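Place chain B on chain A using the hints.
2 protein chains.
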Amino acid sequence: MRNFEFYNPVRICFGKGEIVQLSKLVPKGANILLTYGGGSIKKNGVYDQVMAALKGFKVIEFSGIEANPHYETLMKGVALVKAHKIDFLLAVGGGSVLDGTKFIAAAALWEGSDPWEILSRRSERHVERALPIGTVLTLPATGSEMNGNSVVTRWETHEKLAFDSEHVMPKFSILDPEVVFSLPQIQVANGIVDAFIHVMEQYLTFPVNAPIQDRFAESVLKTLIEEGPKVLADRTNYDAAANFMWAATMALNGLIGVGVPQDWATHMIGHELTAFHGIDHGQTLCIVLPGIMKLKRENKTEKILQYGERVWEITEGTVDQRIDATIQKTVEFFESVGIKTKLADYGVGSEIINKVVDRFVKRGIKAIGERGDLTTENIAKILELQLK
Amino acid sequence: MRNFEFYNPVRICFGKGEIVQLSKLVPKGANILLTYGGGSIKKNGVYDQVMAALKGFKVIEFSGIEANPHYETLMKGVALVKAHKIDFLLAVGGGSVLDGTKFIAAAALWEGSDPWEILSRRSERHVERALPIGTVLTLPATGSEMNGNSVVTRWETHEKLAFDSEHVMPKFSILDPEVVFSLPQIQVANGIVDAFIHVMEQYLTFPVNAPIQDRFAESVLKTLIEEGPKVLADRTNYDAAANFMWAATMALNGLIGVGVPQDWATHMIGHELTAFHGIDHGQTLCIVLPGIMKLKRENKTEKILQYGERVWEITEGTVDQRIDATIQKTVEFFESVGIKTKLADYGVGSEIINKVVDRFVKRGIKAIGERGDLTTENIAKILELQLK
Numbered sequence: 269m270r271n272f273e274f275y276n277p278v279r280i281c282f283g284k285g286e287i288v289q290l291s292k293l294v295p296k297g298a299n300i301l302l303t304y305g306g307g308s309i310k311k312n313g314v315y316d317q318v319m320a321a322l323k324g325f326k327v328i329e330f331s332g333i334e335a336n337p338h339y340e341t342l343m344k345g346v347a348l349v350k351a352h353k354i355d356f357l358l359a360v361g362g363g364s365v366l367d368g369t370k371f372i373a374a375a376a377l378w379e380g381s382d383p384w385e386i387l388s389r390r391s392e393r394h395v396e397r398a399l400p401i402g403t404v405l406t407l408p409a410t411g412s413e414m415n416g417n418s419v420v421t422r423w424e425t426h427e428k429l430a431f432d433s434e435h436v437m438p439k440f441s442i443l444d445p446e447v448v449f450s451l452p453q454i455q456v457a458n459g460i461v462d463a464f465i466h467v468m469e470q471y472l473t474f475p476v477n478a479p480i481q482d483r484f485a486e487s488v489l490k491t492l493i494e495e496g497p498k499v500l501a502d503r504t505n506y507d508a509a510a511n512f513m514w515a516a517t518m519a520l521n522g523l524i525g526v527g528v529p530q531d532w533a534t535h536m537i538g539h540e541l542t543a544f545h546g547i548d549h550g551q552t553l554c555i556v557l558p559g560i561m562k563l564k565r566e567n568k569t570e571k572i573l574q575y576g577e578r579v580w581e582i583t584e585g586t587v588d589q590r591i592d593a594t595i596q597k598t599v600e601f602f603e604s605v606g607i608k609t610k611l612a613d614y615g616v617g618s619e620i621i622n623k624v625v626d627r628f629v630k631r632g633i634k635a636i637g638e639r640g641d642l643t644t645e646n647i648a649k650i651l652e653l654q655l656k
Numbered sequence: 269m270r271n272f273e274f275y276n277p278v279r280i281c282f283g284k285g286e287i288v289q290l291s292k293l294v295p296k297g298a299n300i301l302l303t304y305g306g307g308s309i310k311k312n313g314v315y316d317q318v319m320a321a322l323k324g325f326k327v328i329e330f331s332g333i334e335a336n337p338h339y340e341t342l343m344k345g346v347a348l349v350k351a352h353k354i355d356f357l358l359a360v361g362g363g364s365v366l367d368g369t370k371f372i373a374a375a376a377l378w379e380g381s382d383p384w385e386i387l388s389r390r391s392e393r394h395v396e397r398a399l400p401i402g403t404v405l406t407l408p409a410t411g412s413e414m415n416g417n418s419v420v421t422r423w424e425t426h427e428k429l430a431f432d433s434e435h436v437m438p439k440f441s442i443l444d445p446e447v448v449f450s451l452p453q454i455q456v457a458n459g460i461v462d463a464f465i466h467v468m469e470q471y472l473t474f475p476v477n478a479p480i481q482d483r484f485a486e487s488v489l490k491t492l493i494e495e496g497p498k499v500l501a502d503r504t505n506y507d508a509a510a511n512f513m514w515a516a517t518m519a520l521n522g523l524i525g526v527g528v529p530q531d532w533a534t535h536m537i538g539h540e541l542t543a544f545h546g547i548d549h550g551q552t553l554c555i556v557l558p559g560i561m562k563l564k565r566e567n568k569t570e571k572i573l574q575y576g577e578r579v580w581e582i583t584e585g586t587v588d589q590r591i592d593a594t595i596q597k598t599v600e601f602f603e604s605v606g607i608k609t610k611l612a613d614y615g616v617g618s619e620i621i622n623k624v625v626d627r628f629v630k631r632g633i634k635a636i637g638e639r640g641d642l643t644t645e646n647i648a649k650i651l652e653l654q655l656k
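Protein chains in written order, with this note's numbering: chain A, 269 to 656; chain B, 269 to 656.
One thing to keep in mind: the hints can contain errors.
Which copy? The list can't say, so a pair holds if one copy fits it or any two copies do.
[To be verified] Cut-off 25 Å, straight-line C-alpha distance, at most; resulting in silico cross-link-like pairs (SDA-like, lysine to any residue):
(1) K498 with P475
(2) K490 with R578
(3) K439 with L399
(4) K498 with E570
(5) K498 with P479
(6) K284 with F272
(7) K439 with F272
(8) K490 with G527
(9) K498 with R578
(10) K490 with I582
(11) K284 with Q530
Simulated from the structure, these hints should not be mistaken for laboratory data. Fair warning: this is a prediction, and the values are worked out from it, not measured in the lab.
For reference, chain A alone in the conformation it holds in the complex (with noise of 0.2 Å):
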């Protein structure tokens, strides 16, 4: 195991009914701007338990954040912020809400020239100062309810970028997994897949002597697996939305990761075809880590063999036929819950590579992944791959 530093001082209010909690967890006369996307939240009944539960503080309402939350409309609510001296801000939706609310909670008291520097310079100025945010989780899928990190678009460059800081970490969460119920298909299979490659991220790398993190990881996985598909079947069975929720929770609190090396080449390359064509976050991911096992198979051999023993019971053939079951299984299971495992599924050719690679050459990226080698080379084989 190598060395590492956690702290997660979310707290979380897990189970039906907590969104009351709101009126003990908000501080006393706070001046909330409350965050939200499309109005969901005014249908499933979220918003009104939401504003019953703050009767007496004063709320001014920032609502129209998007799915890939664009800087441009992020940067409405900062200016609501001064405007209203608010100082807490209140998150209630998905991964996109949340995400946009860390982004302006950091960038209403940043100090630079301007706010984007925290996403395009995030390696040279840290986010030192933030508003305290509490979020009501609206969508199991991201984990933004439980860590610091968070991903912004600038629509007019097609940028897709992220940041992450301890200081953008909520105060609270609430998980209701009650708000599963109301939820189409394609969110809860896009909030399946997604919180299942978190884990592969930090989990199908190389071996370093870390039993406790690979079984934690391989416990998030094959409850994903029970459980996701009961969701989809079933959208009013609590305990497996609950068994969900909480799964997706802890693919990304940090947990499973400390102490090992961590890989987010599927998540770098997935973020490009978001960017360039709009496709959903989840299902970019399950079509990046196919191509990303295939083609890194030797750098991953023990941890797909591992994965594909303990997660799928694959323990027979050569070691070669024993990994390809294993990424055959994992698009199995991809498919199985809806989501699609190639470019040519979403209409997306061949003249996606040049661009994704040209994305990567442009910010002086050479190479990524757990060992530092998948290179841009890699990349544009990786997509071929997943053409059709």
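Then chain B, alone, in the frame of chain A:
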């Protein structure tokens, strides 16, 4: 899964050489009370590392915190805090030093007439304030480094009582697995079984459809079973020490116990064996747990079968045979690491039974356990089963 709240803001710095981080972790200008035990930290080099990292800080030392820390001793620490205007406590030691320091931190700011109320009246009067604490862990076992729990013994009355509060959770804990290298065999063995039984208290109850929590618990158990003997066989095996240390922390940082029923009868009965006879905490647990598994097998049938199958691969035979085999495997594991499981092994006879039962009767406790049906008659029976 049941509703739950989870909050654990302890910053973990894990790995070899991490003690140097102290200089950054302790607040600038702090007046530190450095608390430790019998002086083993002066032999294994930890004291020197700590003092080197604290160069420039004002440090008052308070040594001599004993195993099962005594209220009488700790109140001397409280007096030092007040005399020297201490504003930060740094505990360097195992669970006893950490627990004792938590008590000092709470007692120093206690507003009631007598700090003993923190323990004796915990159900009525909660700890609302405490001095900030940091820790350098020297013995993996209790999990105290990443929770708000503390157990204190009043020597004059032979009472061992617990309290817990968010306010005594350490601000940070440094976990350097190299501290394990110099531990005596019995302390490692006690640590392994202590962590193991912390898991069992949160796991071996009844199912509530919480697969993440179950699998995380089994992950910790399997890791202790695999890595514990490696540590006992070769104290300089860094990876084994690291995995043992992280397993012990994960066993009692709250995570595996969220949303599930918990038992803690083993601890409640075990504490009395320590209070009356000074038997090591870990040893008392290994005496009591098999008795509870035997007597309460009907209560725990499903989870004992699941534990037997997933942890010990016991799948053959009738339900009763599988339960017997699972209890047998558990006892063999305790004995294999060198911890005896019968009262006679510690020179204690049947006279203990009434003494322990009387304690529960006097406190007005009629029944304990995850179903609240483990009566004082059951306690007598459990101890009788474990006599020899």
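These are the hints, each one checked on the structure:
Taking identical chains as interchangeable, the C-alpha atoms of K498 and P475 lie at most 25 Å apart only when they sit on different chains, with a minimum of 18 Å there against 32 Å within one chain. Taking the shortest Cα distances, K490 and R578 sit within 25 Å of each other both inside one copy (9 Å) and across copies (14 Å). Taking CA atoms no more than 25 Å apart as the test, K439 paired with L399 passes in both settings, with 10 Å inside one copy and 21 Å between copies. With identical chains, the CA atoms of K498 and E570 are at most 25 Å apart between copies only, with a shortest distance of 22 Å across copies and 31 Å within one.
In this homomeric assembly, K498 and P479 come within 25 Å of each other (Cα to Cα) only across copies, at 14 Å, whereas the closest approach inside a single copy is 29 Å. Taking the shortest alpha-carbon separations for K284 and F272, only the inter-copy value of 10 Å comes in at or below 25 Å, while the best intra-copy value is 35 Å. When the C-alpha separation of K439 and F272 is checked against a cutoff of 25 Å, the pair qualifies both within a copy, at 23 Å, and between copies, at 16 Å. For a Cα distance limit of 25 Å, the shortest separation of K490 from G527 qualifies both inside one copy, at 22 Å, and across copies, at 19 Å.
Both within a single protomer and between protomers do K498 and R578 lie at most 25 Å apart by alpha-carbon distance, with minima of 21 Å and 23 Å respectively. Within a single copy, K490 and I582 get their C-alpha atoms as close as 14 Å, and across copies as close as 21 Å, so both meet the 25 Å cut-off. For the homomeric pair K284 and Q530, the shortest alpha-carbon distance between copies (20 Å) is at most 25 Å, but the shortest distance inside one copy (34 Å) is not.
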